[in-house]
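A.B. asks: Just so you know, the sequences run in chain order G and U.
Going by my numbering, the first residue of the first sequence is number 1, and it counts up by one from there.
Going by my numbering, the first residue of the second sequence is number 1, and it counts up by one from there.
Just so you know, not all the hints are guaranteed correct.
Mimicking DSSO-like on lysine-lysine, the simulated pairs with C-alpha atoms at most 27 Å apart in a straight line are [claimed, not checked]: (1) Lys211/U x Lys10/U; (2) Lys14/U x Lys138/U; (3) Lys138/U x Lys42/U; (4) Lys42/U x Lys117/U; (5) Lys168/U x Lys195/U; (6) Lys211/U x Lys45/G; (7) Lys188/U x Lys138/U; (8) Lys164/U x Lys117/U; (9) Lys49/G x Lys164/U; (10) Lys145/G x Lys164/U; (11) Lys188/U x Lys211/U; (12) Lys211/U x Lys49/G; (13) Lys217/U x Lys49/G; (14) Lys39/U x Lys88/U; (15) Lys164/U x Lys138/U; (16) Lys88/U x Lys42/U; (17) Lys45/G x Lys195/U; (18) Lys188/U x Lys45/G; (19) Lys10/U x Lys117/U; (20) Lys138/U x Lys45/G; (21) Lys195/U x Lys164/U; (22) Lys145/G x Lys49/G.
If you want the footprint, here are the derived chain U segments under chain G, 3+ residues with CB under 8 Å [unchecked claim]: (23) 8-22; (24) 38-46; (25) 56-64; (26) 205-216.
Hints in this document: simulated from the structure, not taken from any laboratory.
C-beta: ideal position from N, C-alpha, C; glycine also.
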Amino acid sequence: MAATTVYKEPAPRVDTENPLESMMSRFNIAAEILGLDDTTYEVLKAPDKQVIVHMPVSMDDGKVRVFEGYRVVHNTILGPSKGGIRYDMHVHLDEVKALAAWMTWKCAVVDIPYGGAKGGIICDPTTMSVGEIERLTRAYTVAMKDVFGPDRDIPAPIWAPAPRDGLDYGRIFQDRGLDCLGCRDGQAPGNGRLAGPHRGYRPRRNGIDAGRAQQAGHEA
Amino acid sequence: MVSTLAALNKLGMKPEETSVAVQGFGNVGSWAAKLLFDKGLKVKGVSDISGAYWNDNGINIDEAIAYKNAHSGRLEGFEGADPMDPTKLLTSAVDVIVPAAVEDVITEHNAPFIQAKLIVEGANGPTSASADPIINEKGIMVVPDILANSGGVTVSYFEWVQNKQGFKWSLDMVTERADRIMTEAFEKVYVTSQKYSVPMRIAAYVVAIDKVAQTYKYRGGY
């Protein structure tokens, strides 16, 4: 066996292709095969909505830091848009746009009545405390209060750094007197949660949510 | 991993005679490895943040998961497999590779060396667009990300439906319905790839875009 080299996730990117271009190149091929009309092509090639917010958050050292966050709703013709939120230093609007479109295709390919969306916050969750991440998540949810909603745009904490995110969205929506139930998924068990388990189906990464998915499986 | 089994079926490969390497041992990767292991596939290689591990006789995934859970989520030091060069995992001698970690891991640089007959994209965008032609040229079947990992959003949708109705489904109902949706979606994409003679990835986009375009047409969306 060869000597173990240091392998880091995210793995070093040999290709730094623009994810939006990468997605669009495949979209273009499929559109051509389908003979997609120009209007629909124009509608689908760009997202319906892009929201950029700046969120002041109190850090543990007493200082206030301003974070930049995005929410991109790609399309809602099939139903309310659905998509997670990435917490990463490398979050880029182009990437969020690509991932939002990706969600549209994902939902459409399995024929469920959802549109596609994606969110992102430029931050390094590995250097932040749970409290800081929680305050940032709340700030983001408040900033996006006019975007999110169980029948409009449903966040899912796909790249969430803390297992409490699903809970936080639910709670913040409740605080605001909004119907939060439909916005909650992927949250910790024992919270009046009605939903089914994610066992083996949840596209989470880096094991962050593995424990929660397993718990959910046991709970059902 | 319903789609993996469906793909093996199309390729005429028997699960018990199939070997697999899984890149990423987080939620997607470890569950993929576990489900494939349970179906009798030989999981020869796995990798995580700590490195890659290989066992020519197959890794016992139950033991690997138990080890990982007891060692802060990492496989480092796991005795059921030998350490290997992580950059060689995806080009190792296996029938199926499951990139389930991060994007852009299959590129024009390593695609020519892939030995697998099937790639199941557990992660989002693990194959860069520049690798597509190489993979197609080699005749490797790809279950693309938008199909392979759409089980997650499907089950999220089930949660939303249950929450809206105030009606809790049983685990069996969730599994059965998710499996059915995934099986039907795979079949639709496969048939589309045959119909237009295009790779599975393009076929998945064709199915998805067609669905959205048809909906606009019938609803008169603009």
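A.B. asks: Provide an ascending list of the numbers of those earlier hints which the structure does not satisfy.
C.D. replies: Numbers 5, 8, 15, 20, 21, 23, 24, 25 - these are the hints that the structure violates, sorted from lowest upward.
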